[in-house]
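Novice: Protein sequence lines, in the order shown, are assigned to chains A and B.
Going left to right, the first sequence walks through residues 1 to 340 as my numbering numbers them.
Going left to right, the second sequence walks through residues 341 to 680 as my numbering numbers them.
Take these hints with a grain of salt, some might be off.
Using 25 Å as the maximum straight-line C-alpha spacing, the simulated SDA-like pairs for lysine to any residue come out as follows [claimed, not checked]: (1) Lys285(A) to Gly663(B); (2) Lys625(B) to Gly127(A); (3) Lys285(A) to Ala615(B); (4) Lys441(B) to Pro478(B); (5) Lys136(A) to His600(B); (6) Lys625(B) to His600(B); (7) Lys441(B) to Gly127(A).
Short, incomplete list of chain B residues facing chain A, as computed with Cβ under 7 Å [what the hints assert, rightly or not]: (8) Ala400; (9) Ile445; (10) Gly474; (11) Pro478; (12) Ser535; (13) Leu564; (14) Ala574; (15) His577; (16) Thr620; (17) Leu646.
No wet-lab data here; the hints were simulated from the structure.
Because the structure is a prediction, the values reported are computed rather than measured.
The beta carbon of each residue, even a glycine, is placed where N, CA and C say it ideally should be.
Protein chains: 2
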Amino acid sequence: MRIETPYLLFLGDAADPLAAKTAAGIAQWRPENCLGQMRLPGCNADLGLPDMGIAEARAAGVRTLVVGAANRGGNLNEAWVPLLIQALEAGLDLASGLHQKLADIPALAGLAASLGRQVHDVRHPTGTFPIGTGEKRPGLRVLAVGTDCSIGKMYTALALEREMQARGMRATFRATGQTGILIAGSGVSVDAVVSDFVAGAVEQLCPANAPNHWDVVEGQASVLHPSYGGVTLALVHGSQPDALVMCHEPTRPHMRGLPHRPLPHLADCIAAHEAAARLTNPRAKVVGFSLNTSALSEDNAQRVLLELEERFGLPAVDPLRTGVGPLVDQLEEIEAHALA
Amino acid sequence: MRIETPYLLFLGDAADPLAAKTAAGIAQWRPENCLGQMRLPGCNADLGLPDMGIAEARAAGVRTLVVGAANRGGNLNEAWVPLLIQALEAGLDLASGLHQKLADIPALAGLAASLGRQVHDVRHPTGTFPIGTGEKRPGLRVLAVGTDCSIGKMYTALALEREMQARGMRATFRATGQTGILIAGSGVSVDAVVSDFVAGAVEQLCPANAPNHWDVVEGQASVLHPSYGGVTLALVHGSQPDALVMCHEPTRPHMRGLPHRPLPHLADCIAAHEAAARLTNPRAKVVGFSLNTSALSEDNAQRVLLELEERFGLPAVDPLRTGVGPLVDQLEEIEAHALA
């Protein structure tokens, strides 16, 4: 099920830019899909897009209103429902990455059904998934992995896709979380899939493809994460990656939300992910590091990246500071070997 | 939610003993909970329990009718519904391990609700689960792991519990699959839990306990299984086992249902499970092997067990042929060290 584009990004009364980070991610990575933003009084986020009402958005060609801001708790503000009704009546679909499902709000679900409109609750997978088989599929795949959650895997995958496409490589971002799905227009929130079917859902997400096509798969969590390691392992097995990129934040003191749990050592984290990946792709290897060095000065960031490169003999980048070119060089080498 | 005992085991028109294997497992491991069996014309299974009708079962003190036989596909035979209605009306609860939910049959769900009776679809978890934390809990835990699915993990765990209790140790079987849940009267089908919550569900299943109490946790699949490895990893992380028992079937030619996939080498399988388990319990170790040697002659079985013992320096048993005493010896040593 694809989400129809272009989008109107609904920011609600986002208290600060962070509350609108889903919308900001879409605007950053798919500006061509974002015709406007809609802000309510008190909104403190601004994506620099044209402010539009629903009628104006419809006239401009918008197909879907995206709820791109959240209250604490991931709930929908009840005051927004009349606006969403208005959007459906104007002929727009709705999409949301919130925990609370739009489809569970009877006024929206009933109206959408009667109008033939779609309501996409992207955090909640629909449809059925096969059981994974682990059989090797044609095509190439790169998966972002990491030392923790929320450490730059989606950003890294999107930066890889952009650079690969700029070089003329065939690359498709494959989304495994709600923001990624809204960016890509399709995908599956793997952490919300029943555990038996996660590997199979990922196999379906990045199916057999041309020998020179790359699936650039968004990662989740870490196989060394005590809460979500099982999600990650199924994602690693199902995506059967040829290449892994290790994402890391060098100043994070402990795993997010787990103050008793330090981040794993990078060497252990590489070994664990490579071992896991080789079950379904014996050629899997970590090809480099993608760091979020935003907490470091330019000098310190360069020093950290250089140290990693020397220690592991692999390229280390910050997608924002340095770009991901050296990682894509590695992928080009893998592609050349695979096609040789 | 506990399933009330004792049980009447409903075998339906099971085509052969294998079709009634759920009921057979309950009768084998919890004979004290099984007052009778109920068989329909054409049933080719017989557990050796008294044959009873519903009124007779009720008079004998039965609290729950257990649907312990399946058609192909895990569906309920429609012809059984009137009998299940009769059971509810007689005051019995219902429990089923089938894929198809009894609670989805309106005639049953409505009647049960109006009568205040419980309908347990044990393959389908209910309630909410926490996110796992990986924090160490008091108490001791042993987890059955293995080289494949359906390779004796439940049987091994139940045999361990029985032997441990016979020695006066404090041991509680913790069920993670549908047959195990019907045997134990409670538990959680981890493969049907949303992937984000599997580790947390397992943490809840074997919570903090007395320092000398053992949770004997039923395993599922294998971290080296390409379809279900994620389920297993979450189970390993959540159960934070002090001891692992490696289950294996020495004649199986390939993973069940995956003819392209040989079973992993035992040394690799030990290393993978120990590495996984040490994330949440640094003392985790494989303490021995539990083999299903039913396909081997007595001589060959003894030879295979002896070879394993010599190769790995760990005890190797077949629960059915040799008992699990040597494995429990290992657990007693771990307990002595832990309490020292």
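Novice: Run through the hints listed earlier and report the numbers of any the structure violates, in increasing order.
Specialist: The structure breaks hints 1, 2, 4, 6, 8, 9, 11 and 17; every other hint is satisfied.
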